[in-house]
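Q: Keeping the supplied structure of chain X fixed, place chain L upon it in accordance with the hints.
Going line by line, the protein sequences match chains X and L.
Going by this note's numbering, 182 is the number at position 177 of the first sequence; the sequence numbering is gapless.
Going by this note's numbering, 610 is the number at position 164 of the second sequence; the sequence numbering is gapless.
Hints were generated in silico from the structure; no laboratory data involved.
As the structure is a computational prediction, the values presented were derived from the model and not from experiment.
Fair warning: there could be bad hints in the mix.
[Claimed, not checked] Straight-line distance between alpha carbons at most 30 Å, and here's what the computed DSSO-like set of lysine-lysine pairs gives:
id : chain 1 : residue 1 : chain 2 : residue 2
1  : L       : Lys-551   : X       : Lys-385
2  : L       : Lys-632   : L       : Lys-644
3  : X       : Lys-384   : L       : Lys-576
4  : L       : Lys-551   : X       : Lys-384
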Amino acid sequence: MDHERKLTVTVLAVAVALAQGTACDRPDPNKLLGDGGAGTGGDSAGAGATESTSEATGSGGGAATSALDARTLSYTEALRSASFKLVGDAPSLQEMMDLDRASDADKPAVYEAMIDERMQRPAFRHRMVDFWRGVFRMGGPALGGMPSLDTAPVFAAKITVEGRPFTDLLTAQTGTCPMFDEATGAFSEGSCDNGITPTGILTDPGVHALYYGNMAFRRTRFFHETFLCRSATEAVAEPRQSATNDGPPGYASAWAWGTITGGPGALVDFLAGSGQDSVICANCHATWNHRAPLWANFDEAGQYQPLIAVHVPTADLPFAKRSDWLPKNESTAWKSGVTVADLPELGAAMAADPEVHACAVARLWNYAMSRGDLVETGKKVSPEVIAPFVATFEQGDRDLLKTLKAILLSDDFVRF
Amino acid sequence: MSNRSLRRALLVAVFLSASAASGVLGALRGWPRGPAIGPDPCALSKSPEGPPAPGDAPDDLEIDSRLHGCQRVPYTALRTFLAARGVDMDAAAPSSAGGLYTSAKVAFGVPPQGSRRSEPSFHSTAEATKLFDIFLQAAPEIIDHIADPVRAPACVLDGQSRPMFDVTGACVPESVSCLLGRPATKDDLALCNSLVDKASPEDPGDVAVKQRMAVAVLLGAGHTCE
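Just chain X, same shape as in the assembly (with noise of 0.2 Å):
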């Protein structure tokens, strides 16, 4: 008990050790305690040195004082958060102890190089397959006669990690199933087989297994939230930009009132009612509804059926027709006045669309800065923050793999 109590007591002096740097004397982002007075150099343990932070100012720019002013370079920071992003795994002492024994104006070139190394690694490999994961929210083996779920995420870690444009995720008609070898961390070639010419992940039989659902309401919140950043909890899908309104009070969506299916003869009327009631779906399906019958024809298990394969959730569960979503000559669309067809016209649509450009732009960074997922999280990003990236992003050749290095890079990112 002596030594229990001892113990309690010894460990309470430390929490108030460490509660002390709540003082507005921000400590040293190398530094356990935060009791001022950080010095450059001396101030290390002979196992490294901090770095300087005198001249660091913040990228608000002008005379703001923020918190983004207050920030301190640390080269040695920045690697230990880009290791366990880019390879699951703090930097070895050696390669800290490198970069902290470089000079000032090696530093920056040295954390290169080993952000470049570490993108050559098979760890990183793994770790895009596994940021994908998250942001498909899918992953594992076939099972149980149905597909595999990680075709999609390696897929998209393929892409990311050869520097192939991020549209081709989109718009790819060969290879979109590829297989990773979790042992060695290689990528093989592979085929989607599930009935349909392939048009990137569009068409992945795992995605449309496991986002199986009635109407496929469940696919379009997919790729709603996965190449928009939205969430499908937003009141509106696609807010009007225009003060016209055509519908009841509350209407907000960019499309025209009545383009999506109602009234007294449909299975499901989207346009029922009038007033807030109605509106609180048609703020939505507006948009929904001129995209779910694009995937319709995916049944339960991903395979491409030549009629819908996904049902009406009535009583009976009938399988859903063309006009349970839109009336008679209503177009499918990716979003108002952008009319697709089919799935090869929808992924050009969307390869095109800079909304989903700045959404992959968005994703990289807010992984990179430990913000969390966009969706899951709610955390967005300041447009003129993304906005450098997101402009060479265009103008190349839509790399995800460079873009990631360039966020590493960044001014913010090498600021703690």
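A: Chain L only, in chain X's frame:
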């Protein structure tokens, strides 16, 4: 001292500091203390000009976007990290670090196949508790093996491995660095040594407990968020 007591003491230390500092790492390493919602009041209070005029300052979203969040070590990465620092992650004993790790998938939120979920980006309370358990059980293995270049290859510097504690019982800077993932500072060592120094020198059992505590606290401080 039972494992339960050790764990409770460690949790008390970390969570008290967390509540006081709005984040363990925030206090320990100068990271943002909780979500950065607006301009830093500390920075504003020190500005000789006072708060910036509207339009001069980055907006809240920009500030928030440019700041690092708190890094969570993914489940698979935890295995890699500890294994390279002397911990037998394949150990089957339920109370071993490896055994605790193997049984921690649910606590870590590793999604079952077909759940349409992803491993979370942030710690849950259950995960943080399990993580501290693992660190506590990993500590004696690290102390025993960190000087072995085969069992702890991540902790080799210039061809030489070092123990966790030197002949005087003090924490070895290079080994502390290896556990933190970045070069240790004097203050890191002060924290480590302050725990070890609390031991009664004539009581080897107490010394071992304090050393184990020191390693676990370093790991907890270095790799967790509240």
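Q: Each hint should be assessed against the structure and marked as holding or not.
A: Consistency of the hints with the structure:
{"no.": "1", "hint": "Lys-551/L - Lys-385/X", "in the structure": "holds, 29 Å"}
{"no.": "2", "hint": "Lys-632/L - Lys-644/L", "in the structure": "holds, 18 Å"}
{"no.": "3", "hint": "Lys-384/X - Lys-576/L", "in the structure": "holds, 26 Å"}
{"no.": "4", "hint": "Lys-551/L - Lys-384/X", "in the structure": "holds, 25 Å"}
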